[in-house]
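Using the sequences and the hints, build the whole thing.
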Amino acid sequence: MKWLKWIGLSLLFLVLTGCMDPNHSVQTGTIDQKSVVQFNKSEKSEETYQKGIDTFNNGRNIKVVPSEIENLKTYYIQFKDDNQNLVISNYKVWFDYNKDRIIFTDYIHSYSYYRIVDDDTEFIRSLFLNDDEGK
Numbered sequence: 001m002k003w004l005k006w007i008g009l010s011l012l013f014l015v016l017t018g019c020m021d022p023n024h025s026v027q028t029g030t031i032d033q034k035s036v037v038q039f040n041k042s043e044k045s046e047e048t049y050q051k052g053i054d055t056f057n058n059g060r061n062i063k064v065v066p067s068e069i070e071n072l073k074t075y076y077i078q079f080k081d082d083n084q085n086l087v088i089s090n091y092k093v094w095f096d097y098n099k100d101r102i103i104f105t106d107y108i109h110s111y112s113y114y115r116i117v118d119d120d121t122e123f124i125r126s127l128f129l130n131d132d133e134g135k
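Residue numbers for the sequence shown follow my numbering, so the first one is 1 and each next one is one higher.
Bear in mind the hints are in silico, worked out from the structure with no lab data behind them.
Everything hinted at is true.
Derived CB-CB ranges, DEER-like:
1. SER45 with ASP119: 18 to 26 angstroms
2. SER89 with SER126: 18 to 26 angstroms
3. ARG125 with GLN38: 13 to 21 angstroms
4. ARG60 with SER126: 18 to 26 angstroms
5. GLU47 with GLU70: 29 to 37 angstroms
6. ASN23 with GLU68: 31 to 39 angstroms
7. LYS99 with ASN23: 30 to 38 angstroms
8. ARG101 with ASP54: 17 to 25 angstroms
9. VAL117 with LYS34: 27 to 35 angstroms
These figures come from a predicted structure and were not determined experimentally.
For each residue, glycine too, the CB sits at the ideal point set by N, CA and C.
Following this line, the structure appears as C-alpha cells:
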C-alpha cells in the first residue's frame, strides 16, 4: 500500500508541476526623448529569461563618452518575476553599428557602461529588433 501512495503522490506532483506557467518574463521596448518607456514585446520563457540574465551579467565594462550614444536609439529591457510581480533587473541598451557593439547600462544607476560579449549579440538582437530592423 505504501508504494501505491508513493506513486499517487509522484503522479500528482508531476501533473501539478507540468501544468505550471513559467515564473519569469522578459519585456523589451524603447525609451523616448522624455524618458518614457514604450513596451513592444514580452516573452514569458524561463529559458529566455535565464539566458538574458546570464548575458547581461557577463557584460564587459567599457569606457563610453555620453556623446557617443546620444544619437543612438535607446532601448529598454527588464527581467521580471511574474509570481511576485517584481522587476529583477532592467537596463538601457544601445546598438552601435559604427563600432559593431551593443552597449548597456543599469536603468536607474547609469554611471557605468558595459558591452555585450560577442557570443551573445545575436541573442540580444533577436530580443529587440524585428527582422528588417536588424539588417
